[in-house]
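Engineer: This is what each chain is made of:
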Amino acid sequence: MLPDSLDLDTLLEDLGQEFVLRPGRAGLLQTTWFDSFDWRLYKRGHLLCHDGDAWRLINRKNSRLSRQPGDLPRSRAVFPRDLPPSELRGFLESTLAMRGLLPLFTDSMRPSAFAVKNRDDKTVVYLTVEEHNFSPPDDLYRVIRLERVRGYGNFLERLERFLETYGVRLAADGFSFFERGVASRGRQPLDYSSRFHIDLEPEISGHRAMTDIYLHLLESMRRNEPGILEDLDSEFLHDFRVAVRRTRTGLAQVKKVLSAPVTKEFKEKFAWLGTITGPTRDLDVYLLHEQDYRSRLPATLHDGLEPFFSEIRRRRAVEYRKLVGLLRSEKYKTILLSWQEVLEKGGAFSLGVKGETPAMELSGRIILRKYREIIRAGGAIGPRSPDEDLHRLRIQCKKLRYVLEFFASLYPDREMRRVIKELKRLQDNLGTFNDLSVQQEMLRDFLGALRPGSRKNQKMAAALGGLLTNLFHEHHRVRQDFSARFLEFAGPENRVLYKELFKVGKVR
Amino acid sequence: MSVIAVYNIKGGVGKTATAVNLSYLSAVGGEKTLLCDMDPQGSSTYYFRIRPDRKFNTKKLLRGGRHVDRSIRGTDFPGLDLLPADFSYRNIDIALDDMKKSRRRISRVLKPLRKEYDRIFIDCPPNITLLSENIFYAADYILVPLVPTTLSHLALQQLFRFLEEIGEKRSKVMVFFSMVEKRKKMHWQLMRQLIRTKNVLPALVPYLADIEKMGLYREPVNVTVPHSMAAAAYKDLWKVVVKRMKKG
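Line by line, the protein sequences are chains A and B.
Counting in the numbering used here, the first sequence runs from 1078 upward without gaps.
Counting in the numbering used here, the second sequence runs from 1186 upward without gaps.
Fair warning: there could be bad hints in the mix.
Stated by the list, open to error - Here are the simulated lysine-lysine pairs, BS3-like style, with alpha carbons at most 27 Å apart:
no. : chain 1 : residue 1 : chain 2 : residue 2
1   : B       : K1296     : A       : K1138
2   : A       : K1199     : B       : K1420
3   : A       : K1332     : A       : K1344
Claimed, not checked - Computed from the model, here is a short list of chain B residues facing chain A with C-beta under 7 Å:
no. : residue
4   : R1234
5   : R1258
6   : G1259
Source of the hints: derived by calculation from the structure; they are not laboratory data.
Please read all numbers here as calculations on a predicted model, not as lab measurements.
Note that the Cβ used here is the ideal one computed from N, Cα and C, for glycine as well.
All chains, please: the whole structure from these sequences, using the hints.
Structural biologist: Spelled out as structure tokens, the structure:
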């Protein structure tokens, strides 16, 4: 990293006095850098860019580069499936899952390369001055990159010492420009994650804690909104809905922290937000299953899926248009604005009767209550119980999970992680079970509405029938797993853990 | 991953030029390549402007591991490293003879390097010794530059016999014609006679001034004179070698 004030020509001249420099290639490299909204590549230590002709994936840990020729698709978000099949695409598919790649910034880089030579005219270090320009705004960032030649480390050290005397700071690695480029567009790496995390003060009051939590969730809705309106990928809407659901769980479970009228008003308003975003999300889920459905069917039935999915896409387009209209409506904007106002300036008006109770006490009670409810409800479920009982249990688990995550920072980290892990195992089972029920129901409805006669519908019916059978078997399997999973969750170890952690009045 | 030994019993047949130019082309092709200079004369080392490590010698080579690792030098070309020769290699047979499993020593030294590199070239000294035996054992292919003369032909027969004796497969051997002089009728006759042999590659490198001059420029010909006949000849040869290796 070069100080802004340093004159490059002077530095190079002085370097030339001390070392033998052979100028190499200069040039211009224009790259656009990508990641998913939630930094899935960055989190795994990878950087991705497109250089005009090809994709370049850099593993930051070992600076390994893989390059895959291919055009840059013109869409606003790029999905791995838009790339030609390759190892790189495979990596992106597994790392990004359903998330799309969004452009972060564009970098025009002018490298001037030099080879540093010894007395035999042998190259001992490669030195490259890189001038990065992020546009817009014009933000110049200069880096000197030194590349060692194996077996000539002593020269590298000499050069580094020399550069230090000129105030050149050594970057952690050769890609420090990336953070700078991201910052030039007002973002920070890892500035968004769909996982909920908030740090609460240990002695915080219930009102203060819930206000912080609600504001955090409101922020999450706001951050996801543009991605929904631009329809970048399915997860913006998903994360938006999760934030809405968490808010609703807060309002319903952490009672009397906000005043009764406020609670009532916003319970209704957020219920409305849940309702209007539902249909699009449901259809998104089917579309996300496209590959999965294909793999569940023999190739001979694949033809029948085409018209099915194009119908789903058509329905989704209709629902999505409705959703966009609603998200642009005054009603929607007023909900978020008035909620923010209540949270930031509500004061005494919003304070409920239990607002002053410590969050620790409130949360312990709620968590234990929820936990006992689940134990009771789950224990009553036998092999002949209706599916609805499992669905209700799933919702209860979800609520417990949200409450645990709200207050996680008040409890010891290690135990909390164990509590959540145990719950998650049960939730995974219930979640899969529910997904399969919903899917079968939808397919049955779809099948029921098909008019017989056409060849196309016949093929579709065959495909849907095949799918139904396949899903049914899995559904059955997952249902059978339930009791084992539940017994684990309800086991004595977990019971003790909950009691120890959440018992109110216990001195820690 | 493959290990290619460039070998001929006779010296002065274009062996080092072959090792230097082909390892360069291998690296250019995107394969991480190591050239091991096992010839005590150290010509390959010299061509890449590298000075041998003063702390490196036969003993360290045969110990392998980090002793070898530390002595590897990067060349001026990305993806191409070199293990420099040492003058002490001239007595390497004596050192080998004193060791257990003396025939597999080099193979053991190369083992960790096989993981690091996509391809390893060995520039071999011109003789049949315990070291050659070691190298034949370690190598997946033995590339033999052959000057098309009667005596060379005899040397090739000798090599085949030797391989048979030590239980190595003849199919490891790839022969190509080196230092071919167009005007010499005998060269043509011998080549016509040999080209039908299974191990002979359909490629030849002529006798060219640009190759002779490598000692002056100390670079592969594909760097100094990339559009020359010499550069083209090595490119051709490399293509043929790669194709043969793919066939297995």
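Engineer: Should the hint that G1259 of chain B touches chain A count as held when the rule is a Cβ pair under 7 Å?
Structural biologist: holds, 4 Å
Engineer: Quick check on the hint: R1234 of chain B CB to chain A CB, less than 7 Å?
Structural biologist: Result: holds, 4 Å to nearest chain A Cβ.
Engineer: Does the interface hint hold: is R1258 of chain B within less than 7 Å of chain A, judged Cβ to Cβ?
Structural biologist: holds, 4 Å
Engineer: Taking only the CA atoms, is the gap from K1332 of chain A to K1344 of chain A under or equal to 27 Å?
Structural biologist: Distance of about 12 Å is within 27 Å: holds.
Engineer: Taking only the CA atoms, is the gap from K1199 of chain A to K1420 of chain B under or equal to 27 Å?
Structural biologist: holds, 24 Å
Engineer: Taking only the CA atoms, is the gap from K1296 of chain B to K1138 of chain A under or equal to 27 Å?
Structural biologist: Distance of about 25 Å is within 27 Å: holds.
Hint check: no violations occur; every hint is consistent with the structure.
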